[in-house]
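Novice: Generate the whole structure from the sequences, applying the supplied hints.
According to our numbering, the sequence shown is numbered sequentially starting from 4.
Source of the hints: derived by calculation from the structure; they are not laboratory data. Remember, predicted model here, so these are calculated numbers, not experimental data. Please note: incorrect hints may appear among the correct ones.
Restricting the straight-line Cα-Cα distance to at most 20 Å, the calculated cross-link-like pairs of lysine to aspartate or glutamate (EDC-like) are [stated by the list, open to error]:
1. K199 with D250
2. K241 with D204
3. K241 with D194
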Amino acid sequence: MAAGLALARPNLLNPNNPIRSLSLAFWLWKAFVFLIIIGCPGPGYDTSTGLLPYQESAASGAKLEAIRHAPFSFPLKLVRWDSIYFVHIVRDDYVFEQEWAFGYGYTRILSFLTSVALSHIAHYFSVLALYRLSINIFGHDNTSGALISFLSATLHIICPAGAFLSAPYGESLFSFLNITGYFLYSSSLLDANAGKRASSDAKLLLAAALFSIATAVRSNGILSGALFAFDALLQLRKIFTQGISGDILLRLGVIVVGGCVIALGLIVPQWIAYTTFCMSDEPLRPWCEQLIPSIYGWVQVHYWNVGFLRYWTLSNLPLFILAFPMLFLMCRSSIWALNTAWPLDTATAVLTRLAAPNGLLAVMAFTSYHVQIINRISSGYPLWYWYIICQLSSHVADSSSVVKRSQTFSIAIQGMVIYAIVQAVLFGSFLPPA
Numbered sequence: 004m005a006a007g008l009a010l011a012r013p014n015l016l017n018p019n020n021p022i023r024s025l026s027l028a029f030w031l032w033k034a035f036v037f038l039i040i041i042g043c044p045g046p047g048y049d050t051s052t053g054l055l056p057y058q059e060s061a062a063s064g065a066k067l068e069a070i071r072h073a074p075f076s077f078p079l080k081l082v083r084w085d086s087i088y089f090v091h092i093v094r095d096d097y098v099f100e101q102e103w104a105f106g107y108g109y110t111r112i113l114s115f116l117t118s119v120a121l122s123h124i125a126h127y128f129s130v131l132a133l134y135r136l137s138i139n140i141f142g143h144d145n146t147s148g149a150l151i152s153f154l155s156a157t158l159h160i161i162c163p164a165g166a167f168l169s170a171p172y173g174e175s176l177f178s179f180l181n182i183t184g185y186f187l188y189s190s191s192l193l194d195a196n197a198g199k200r201a202s203s204d205a206k207l208l209l210a211a212a213l214f215s216i217a218t219a220v221r222s223n224g225i226l227s228g229a230l231f232a233f234d235a236l237l238q239l240r241k242i243f244t245q246g247i248s249g250d251i252l253l254r255l256g257v258i259v260v261g262g263c264v265i266a267l268g269l270i271v272p273q274w275i276a277y278t279t280f281c282m283s284d285e286p287l288r289p290w291c292e293q294l295i296p297s298i299y300g301w302v303q304v305h306y307w308n309v310g311f312l313r314y315w316t317l318s319n320l321p322l323f324i325l326a327f328p329m330l331f332l333m334c335r336s337s338i339w340a341l342n343t344a345w346p347l348d349t350a351t352a353v354l355t356r357l358a359a360p361n362g363l364l365a366v367m368a369f370t371s372y373h374v375q376i377i378n379r380i381s382s383g384y385p386l387w388y389w390y391i392i393c394q395l396s397s398h399v400a401d402s403s404s405v406v407k408r409s410q411t412f413s414i415a416i417q418g419m420v421i422y423a424i425v426q427a428v429l430f431g432s433f434l435p436p437a
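Specialist: In structure tokens form, the structure reads like this:
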């Protein structure tokens, strides 16, 4: 009877009803994080939020003061760090040069949607997209594959990006676009393996379009172009080993077009900035005269001190320690994907391909970025989720394998939850790190 009662008890995370369970867990977690943020005392050491919105009149100034001192002034609680720039850009467009460091694509979309709602909706759909992507790769006809897919999506809900996936930041939208792009890319491989060439090519181009938009949201989205570079090399190898054929040339052409589409996500915003600053009667800015006139590269170095080894100072050592667990996970998961023999003509081959953008992001964060941001920008890269889950299986590719209870997994979950809570408190109080 005890066993029967145990089975009858409702289970919040039920892999047999994945969409309902993931949805319920997602919104409960979001509500929990939201309550923590709005309950923080603030304003912390930075009062930049007070600059928004600019006071155009005495009436608007009085209204702003009323909002700031209201008992539940929660809208401003979510305007922290970079989101101050995002909100200003949406309100007044790109006014200052340094604002071009922030994703052009994200601010354009933000102009039409409420920022906090956009972040929540994008994060929710990225959870579902990760579940579908995982099903493509690990399958759903076996217990192991279904459970890996479900737990990976669950990890994405409580990932270290935390409050940044609820605030007016580009991380949640980037995560949705990038993961959905991976889903379409893996579907393209499945269709190609099934002989559905037209469907495969169409999905590959759609994936490229999503990667392009993701790149416009966050420049690190360009790393997903490594998948297309890998595929191009595979087609070239086929030409050398099998000879030239119409099918190979057609596929290579689709891959090249897809790669160019991805590059547009980086080029178009730079071109818009170039026409704004470098084709006017005003004195030219220094970056306009560079060999590659990139406003993004210029403002990152000039205003944010981003560059190779620029962050390697003793005062930043605590931030490197904070970022170490995620850097380790991303590097280790890339090595795991490369060392595992996945068939190149199946969807599991995505794991091998993802090792490149996953590992490159970790290396770039360690050497050139403000290293602590790896904890939030890693949210859109699914390889490390799978790595954690798959380490609990005795044989990842064996359909009879079952994900075991593990102390390591429990520690990882507890660590993510604790980190998210602490981060939400610091974020809501406008305290570092960001």
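Novice: Run through the hints listed earlier and report the numbers of any the structure violates, in increasing order.
Specialist: Those not satisfied: there are none.
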